[in-house]
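**Q** Starting from the known structure of chain Y, fit chain S onto it as the hints suggest.
Chains as they are written, first to last, in full-length UniProt numbering: chain Y, 1 to 198; chain S, 1 to 198.
Careful: at least some of the hints might be erroneous.
Copies of the same chain look alike in the list, so a pair counts if it fits in one copy or across any two.
Claimed, not checked - Taking lysine to aspartate or glutamate and the EDC-like style, the derived pairs with C-alpha atoms no more than 16 Å apart in a straight line are:
#, residue 1, residue 2
1, 125, 177
2, 144, 82
3, 55, 18
4, 125, 175
5, 125, 68
6, 79, 143
7, 55, 36
8, 79, 133
9, 55, 117
10, 125, 69
Honestly, the hints are just simulated from the structure, not real lab data.
Protein chains: 2
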Amino acid sequence: MRTPDPQQRESKRMALLDAASQCFAEAGFVATRTADICALAGMSAGNLFHYFASKHEVLLALVAREGEEIQQAMAPLAKAADPLAQLLAFLDHVCQLACDRHYAGLALEISALGHRDEAVARLVKANDRALRDGLEALVRAADKAGQLHTSLSAPEAANWLAALIDGMFARVAADPDFHPAQQTPVLQGLVVHLLQGR
Amino acid sequence: MRTPDPQQRESKRMALLDAASQCFAEAGFVATRTADICALAGMSAGNLFHYFASKHEVLLALVAREGEEIQQAMAPLAKAADPLAQLLAFLDHVCQLACDRHYAGLALEISALGHRDEAVARLVKANDRALRDGLEALVRAADKAGQLHTSLSAPEAANWLAALIDGMFARVAADPDFHPAQQTPVLQGLVVHLLQGR
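In isolation and in its complexed conformation, chain Y is listed as follows (with noise of 0.2 Å):
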């Protein structure tokens, strides 16, 4: 076995979870076999056992990357100047990704998988509450610059806001005519009545 350098071989192993993503959104994890992923991903049958020990290995490591790229997208977003802006920027980011239903068909899959498997439940659990914290850090922070009329909490503000995702990403995957793009302003206004409506 060829022992390639860290960066080359992060970026095969990067290049083996997207192909995985792409397998497990179209075909499902569990009909999905480990020679699909590497034979979209260009390399030879095997050769993914080089990175992985099993195809559940893959999954996990795409749900905890998914949970890492939570977590880099939201961390600077409440140390801004303008909490509620950059929320509606994110949610709108948020219909961006929801557009793309590979993306939301995968986070269907990976929602259901979680329903039947602890340690893909544990992962989705830990990146719903990276989701919420963050959100809940950008309510905290819109609060604090005086942006807030609300009598929700923090915690229950996140949950709806994660709901409205949620809700986003079902309609997705529900009805090929539910164009999030073309939603944002209906999203925003919501959030905005969450937020300032009372």
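**A** Just chain S, lined up with the frame of chain Y:
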């Protein structure tokens, strides 16, 4: 083989569907064996095949039954005197359903299966269509009764109502601390904003 009378046959069929819904919600469709369903329904293994040709047919019957229940629940609402009040009461009913983690888990499992099973996808789409048609009829009735002040079209409003419902179910699945029954006023407030806010 005994040939039970039609009413008894229908009642056994329903008992099998109830048992299947619990098995699918807890273990997932793939991991559930028909023997598990029979055991939970208090029937001997194999009895299921007197009622359904396969586990897959059980799943399809379950999703079809869900669609019939949606239609039956929604049909009378738009004909009532105060359509907006009916809509808010319906959402309260949905919050109660979402409190049932078994029901919420099954909804998620079925959505995920619909991603890679054409027959399930068709039924899920039909059920979603039935829900949105019901919501849209309510929105149009509320508009006719002069209860709306919104720039959203009736289909757009119905889609957002469905997104709020989907989001609630997703929150229940993601976060054990989210209790929909306590959140009914917030949901109703968002809906009133959606339909009367602008």
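**Q** Decide, hint by hint, whether the structure agrees.
**A** Against the structure, the hints:
no. : hint         : verdict
1   : 125 with 177 : between (30 Å within a copy, 12 Å between copies)
2   : 144 with 82  : within (11 Å within a copy, 41 Å between copies)
3   : 55 with 18   : within (13 Å within a copy, 33 Å between copies)
4   : 125 with 175 : between (26 Å within a copy, 7 Å between copies)
5   : 125 with 68  : within (13 Å within a copy, 33 Å between copies)
6   : 79 with 143  : within (13 Å within a copy, 43 Å between copies)
7   : 55 with 36   : within (11 Å within a copy, 27 Å between copies)
8   : 79 with 133  : within (14 Å within a copy, 43 Å between copies)
9   : 55 with 117  : within (13 Å within a copy, 21 Å between copies)
10  : 125 with 69  : within (15 Å within a copy, 31 Å between copies)
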